[in-house]
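Engineer: Construct the entire structure; sequences and hints are all you get.
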Amino acid sequence: MYKIRTYNQISNVGMSRFPLEEYEIGPAIDEPDAFVLRSQKLHEEPVPRSVLAVARAGAGVNNIPVDEYTARGIVVFNTPGANANAVKELVTAGLLLSSRGIMEGMSRVQEMTEISDPDVMAKQLEKEKKQFAGNEIAGRTLGVIGLGAIGSMVANAALEMGMKVAGFDPALSVEAAWRLSSRVQKVDSLEALLNCSDFVSLHVPAIEQTRHLIDAAALLRFKPGAKLLNFAREQIVDVDAVIAALDEGRLGGYITDFPVPALLGRKDAMLFPHIGASTAEAEENCSVMAAEQLMDFLENGNIVNSVNYPQTRMARNGGYRIAFANENVPRVLGTVLSVLADRDINVLDMVNKSRGDMAYNIIDVEPNPSDEVIEAIAAAEGVKRVRLI
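Take the sequence shown: its position 35, counted from the start at 1, is 35 in the working numbering, and no numbers get skipped.
Treat the hints as calculated values from the structure; they're not laboratory data. Don't take each hint at face value.
Simulated crosslink set (DSSO-like; lysine-lysine; CA at most 30 Å straight-line) [what the hints assert, rightly or not]:
| hint | residue 1 | residue 2 |
| --- | --- | --- |
| 1 | Lys267 | Lys223 |
| 2 | Lys223 | Lys164 |
| 3 | Lys129 | Lys164 |
What follows is a list of derived Cβ distance ranges for each label pair [said to hold, decoys possible]:
| hint | residue 1 | residue 2 | range |
| --- | --- | --- | --- |
| 4 | Ala244 | Gln131 | 25 to 31 Å |
| 5 | Glu44 | Arg221 | 36 to 42 Å |
| 6 | Ser278 | Met161 | 21 to 27 Å |
Glycine is no exception: its CB is placed at the ideal position from the N, C-alpha and C atoms.
Structural biologist: The structure is reproduced here in structure tokens:
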């Protein structure tokens with residue numbers, strides 16, 4: 001039986017995908033095979049040697065010590081795209097709310113408690129409504145940085161609202177390109193996108209290369225009065241530089257899902273309480289994707305949507321399956337195949353994939369390899385983790 005330790009409140013829609021006769025699931029599981037979590041910080045969390053994988057019900061994995069887990073042969077999964085629609089809808093709301101005086105107008109109406117006559121209220125609002133007029137977003141240019149699952153949906157939605165869209169993503173995948181409307185203007189550099197955009201929306205992961213992607217130098221390249229939307233991650237923006245640009249009037253507004261005390265009380269900052277993926281549908285989608293990816297890995301050794309190991313899949317066509325992770329260096333696979341050949345174990349099928357410094361392998365064999373064979377593979381230089389599935 002597989003054991004899954006859960007952290008946080010994970011939607012039961014996903015957790016119910018685990019067959020009860022094959023999986024034991026709960027927050028107090030000892031010697032788990034895997035973790036499933038949302039926001040739990042694992043950097044200081046002890047990790048039992050039994051753990052094979054971690055599934056994050058969400059896209060970001062900055063709460064997981066990925067490098068440490070990678071070195072231990074632990075596969076880290078995320079769920080890209082599962083919450084994309086929820087974030088897209090909130091970004092759309094941010095665009096509209098920051099362009100029109102919607103919130104100010106609504107607040108003004110709620111303040112009119114001294115008026116009891118509907119006609120008087122209507123006349124007073126008619127006098128005051130011009131101060132809440134704002135501008136339409138149709139015809140304006142939205143610059144989208146990062147055109148993955150969320151960025152492509154934001155770009156397409158903006159086009160449907162009559163906006164022009166410029167996109168920048170040097171790592172654009174073929175899959176993402178298929179999702180993207182042909183009407184999105186692809187630009188060759190971040191600078192070019194910033195120069196032409198009335199709004200800039202960020203949709204890149206929080207990694208070392210994107211830390212403070214929007215800093216003081218980048219903000220100097222914004223069109224005067226342009227607005228910045230950050231519904232990706234706090235670390236991507238240098239908040240001190242944003243405040244300076246707002247104070248100088250160069251930046252027209254900052255709309256973010258990552259509020260900090262220094263931004264409180266500013267009329268040019270619209271702060272959301274980190275609710276981008278906080279919809280029932282998004283939480284359900286993330287939990288389902290996390291559960292299905294984890295089951296496929298534990299039961300078949302397949303890897304889909306891992307942030308630290310290569311996507312590796314192989315259909316089962318008989319035999320016994322060995323899966324192992326190793327350093328991406330010469331002779332490791334050859335050594336493992338020699339272990340099998342020396343013991344008259346036949347390879348029926350295999351796949352080998354690499355990603356950066358790590359590699360992952362699935363090998364179907366006959367006959368059933370003994371514990372001694374698995375131990376010999378585990379002892380091979382460069383092998384991080386091996387199991388017989």
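Engineer: Evaluate each hint against the coordinates.
Structural biologist: Here is how each hint holds up against the structure:
A distance of roughly 20 Å separates the Cα atoms of Lys267 and Lys223; the hinted pair therefore holds under the 30 Å criterion. Taking the CA atoms of Lys223 and Lys164, the gap is about 15 Å. The hint holds against a cut of 30 Å. For the proposed pair Lys129 and Lys164, the alpha carbon gap of about 28 Å is at most 30 Å, so the pair holds. Between Ala244 and Gln131, the C-beta spacing of about 28 Å keeps the proposed range 25 to 31 Å intact.
The hinted window of 36 to 42 Å between Glu44 and Arg221 holds, with their beta carbons roughly 39 Å apart. The beta-carbon spacing between Ser278 and Met161, approximately 23 Å, falls within the hinted interval of 21 to 27 Å.
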